[in-house]
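Engineer: Here is how the chains run, residue by residue.
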Amino acid sequence: LASTGVAGFTLALMVFSWALPGLINGVAWRFLLDPRGMVDSILGLLHIAPVYCLVDGHLPLISVALVNAWTVVPFATLVFRAGLLDTPPEILAAAEVDGARPRQVLRHVVLPLLLPSILVLGVLALVYAFKSFDFIYVMTFGGPGTASTTLPFLSYRLAFEIYRYSQGASVALITVAIVLLLALMYMRQVRREERA
Amino acid sequence: VTSAPRLGWATRAGTATLLVIYGLPFLWLLATSLKTDAQIFDRGTTFIFEPTFANYRSVVNGDLLSACLNSAIIAWGEFLYAITFLADPTHYPISVLIGGQIGMYGIRWSNMVAIAVAASLPILAIYAFTHRLLRDGLALGSVR
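Protein sequences, first through last, are from chains C and B.
Going left to right, the first sequence walks through residues 3 to 198 as the working numbering numbers them.
Going left to right, the second sequence walks through residues 8 to 151 as the working numbering numbers them.
Just so you know, these hints were derived from the structure itself, not from any lab.
Don't take every hint at face value.
Rough simulated footprint, nothing fancy, chain B against chain C, three-plus residues with beta-carbon under 8 Å [what the hints assert, rightly or not]:
| no. | stretch |
| --- | --- |
| 1 | 10-18 |
| 2 | 21-28 |
| 3 | 45-57 |
FRET-style restraints, in silico, Cβ to Cβ [said to hold, decoys possible]:
| no. | chain 1 | residue 1 | chain 2 | residue 2 | range |
| --- | --- | --- | --- | --- | --- |
| 4 | B | 21 | C | 176 | 21 to 27 Å |
| 5 | C | 50 | B | 111 | 27 to 33 Å |
| 6 | C | 180 | B | 94 | 38 to 44 Å |
Glycine residues also receive a C-beta, built at the ideal position from the N, C-alpha and C atoms.
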């Protein structure tokens, strides 16, 4: 599958979506999810109650998180693709000879082999989530209220919207400490992989 | 009136410096790739690596271009540093124009989408010719 045209095209499309500035991706998603956007308009035409993804309860935070996750997909795909292509074929053949079903091969052979990559990817995705400023700015501006305000966005609003620089700096420092911790975890995992 | 242009240049220089600092991890990646490739060649029995710039350039040509392309794309889409540090709105990058279409009483959808499309075109043009390098750059660890 890795060498087929469909896989190549899909990969190219995904990397292009990654290459677009976050703000443009955010605009596209806001266009879809806004109360007057495409999703709710189509639901209205079908006489279904609108979802109000960007204004109702916890949905704004979930929506922004999902959009953020969507942008990590290209990088995750590349990492998993590399991991899958690196899987020794003789191990897969041995599992097949031993009578393992495809699901068992996935659970007991492929996933353990991919575990280091999954851990690294998990840490990187978390770090990336801390940087998701553009999406929040364009999709919800941290609202409604503070429903989708993340630490970096809170830091920005405190420092540059209401000019409480000390509070903004404090929040930024807490954010840096958390990201630093994640970075240390990432480096440790990478070193483990290098030793293996 | 006379100090405004100076301030503009200072804030632009400051923002550019911040972007360079932001790009330091990519330089680190580049340095690592230089070291790794040189060591690999050094171990070879038939080829003795000479640490000249031309040899380095030939060894890391792909990585260098990938890192440059990724950095260019990051700089093109930069938003937070621009709205925070640039004092003169005439120096704002195109991404800030997109954010500026969201007003207190509504969104100028047509303007916003038109600017978003215009901002995407250079990325599309770069991508059409260099998508493999970009993919490699992304795999190299260039997480934005």
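Engineer: Between residue 21(B) and residue 176(C), is the Cβ distance one that fits in 21 to 27 Å?
Structural biologist: holds (25 Å)
Engineer: State whether the coverage of the stretch 10-18 of chain C by chain B holds or is violated, taking the criterion as 3 or more residues with Cβ-Cβ distances under 8 Å.
Structural biologist: holds (count 4)
Engineer: Using the C-beta atoms of residue 50(C) and residue 111(B), is the stated range 27 to 33 Å upheld?
Structural biologist: holds (30 Å)
Engineer: Taking 8 Å as the C-beta cutoff, is the stated coverage of the stretch 21-28 of chain C by chain B satisfied by three or more residues?
Structural biologist: Holds, because 6 residues of the stretch 21-28 of chain C bring their Cβ atoms closer than 8 Å to Cβ atoms of chain B.
Engineer: Note whether the CB distance of residue 180(C) and residue 94(B) lies within 38 to 44 Å or breaks it.
Structural biologist: violated (31 Å)
Engineer: Mind checking, does the stretch 45-57 of chain C have 3 or more residues with a CB under 8 Å from chain B?
Structural biologist: violated (count 0)
Consistency note: the structure conflicts with the earlier hints numbered 3, 6.
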